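From first to last, the protein sequence lines are chains F and S.
Note that the numbering used here gives residue 25 to position 20 of the first sequence, counting from 1, and the numbers run on in steps of one.
Note that the numbering used here gives residue 531 to position 207 of the second sequence, counting from 1, and the numbers run on in steps of one.
Just so you know, the hints here were simulated from the structure itself, not pulled from any lab data.
Since the model is a prediction, treat every value here as computed from it, not as a measurement.
Just so you know, even glycine gets a beta-carbon here, dropped at the ideal spot from N, CA and C.
Subject to a maximum C-alpha distance of 25 Å in a straight line, what follows is the list of computed PhoX-like cross-link-like pairs (lysine-lysine):
| id | chain 1 | residue 1 | chain 2 | residue 2 |
| --- | --- | --- | --- | --- |
| 1 | S | Lys354 | F | Lys71 |
| 2 | S | Lys354 | F | Lys74 |
| 3 | S | Lys345 | F | Lys71 |
| 4 | S | Lys424 | S | Lys354 |
| 5 | S | Lys501 | S | Lys354 |
| 6 | S | Lys501 | S | Lys424 |
| 7 | F | Lys74 | S | Lys345 |
Where chain S lies over chain F, by a calculated footprint (3+ residues, C-beta under 8 Å):
| id | stretch |
| --- | --- |
| 8 | 21 to 34 |
| 9 | 37 to 44 |
| 10 | 48 to 59 |
| 11 | 70 to 84 |
| 12 | 87 to 97 |
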Amino acid sequence: MTTHEHAHPTGYRQYFMTWIWLLVMTMTALIIGYFHFLPEGVKAAMLVGITLAKIFLIGSIFMHLKTEKINLVMLTFSPLLLSIVLFFFTFGETLKDPTHEIQNVSPTFVMPTGEVKEHK
Amino acid sequence: MESTSLAEQQRVLASDWGGGKSPFGTSWSKFMMWIFIISDALTFAGFLIAYGFMRRVAVAWPVQMDIFSPVLITFMTFVLISSSAVMAMAVSAARSGDPKSATRFLGLTILGGAIFLGCQAYEWYHFISEGATLTHNPWGVPQFAASFFVITGFHGFHVFSGLTILAIVALRAAMGKYSGEGVENAGLYWHFVDVVWVFVFAFYYLM
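Looking at chain F on its own, in the form it has when it is part of the complex (with noise of 0.2 Å):
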């Protein structure tokens, strides 16, 4: 029982804790959102920081990974990883040619068959 009372202020206190980090900051990347004046490349990172910091808290501290066992942290890197991956096969394409545009344009194109058919 003693156990109970003592253990429950303690772990209180630090989710109380996170719960105010976590606000600061998201108050932190608000304001830099408002930052028009900062180069979009600074931008995305410092807020991509602010964002993967706060998720490292909320996955440590609220989702308990920082008691669990390693294996299951690793497996927890996976998303992360393969979205790593998914970004730069996507956002490559843009990075080569910038000028590619979403646009209504119908295209033509060649059929295997030879023949030549237009986008509707």
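Given the coordinates of chain F, work out where chain S should sit on it, guided by the hints.
Chain S only, in chain F's frame:
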């Protein structure tokens, strides 16, 4: 030679992967929740990357801060993060055998989720009433409205599912029919919903 292989065999059997125990040090239900979270994270990763790609190749992207209310979005983020913190306390209370506190904290978490969902409904109502649809956006490229509806819609659906799960868990806790692990699994899902919103907040609204 033989003794080495025996020692090696014993080492493997004693390791996490030797069989007979969970290599991840969790119960099956918690592990399955993690597997679900990881697969669901990939779904949202796909959405956010597709959105980023569309935005990058679009001729012009509307200034989000001119269209959405930054005060409302920040308030929604605060509410969701706060409900996540309270959920962590509910798990802690349930784990230490305190159903009364667990039920109270779960109630607060549900309240936070409901406020968030209400704000989202309000935001959607305004967005639609100004003429935005899945295929049309009054401020420019249609992809802006389409990604808004798909990403926040999927997230909102997750919040709604989370509220349903939490309501069941809270009812069970109030009746004394609960386990610390059951509350923890529901909590893991709720924190994941919060994690997704942190990404949406930064990438869709602020960037």
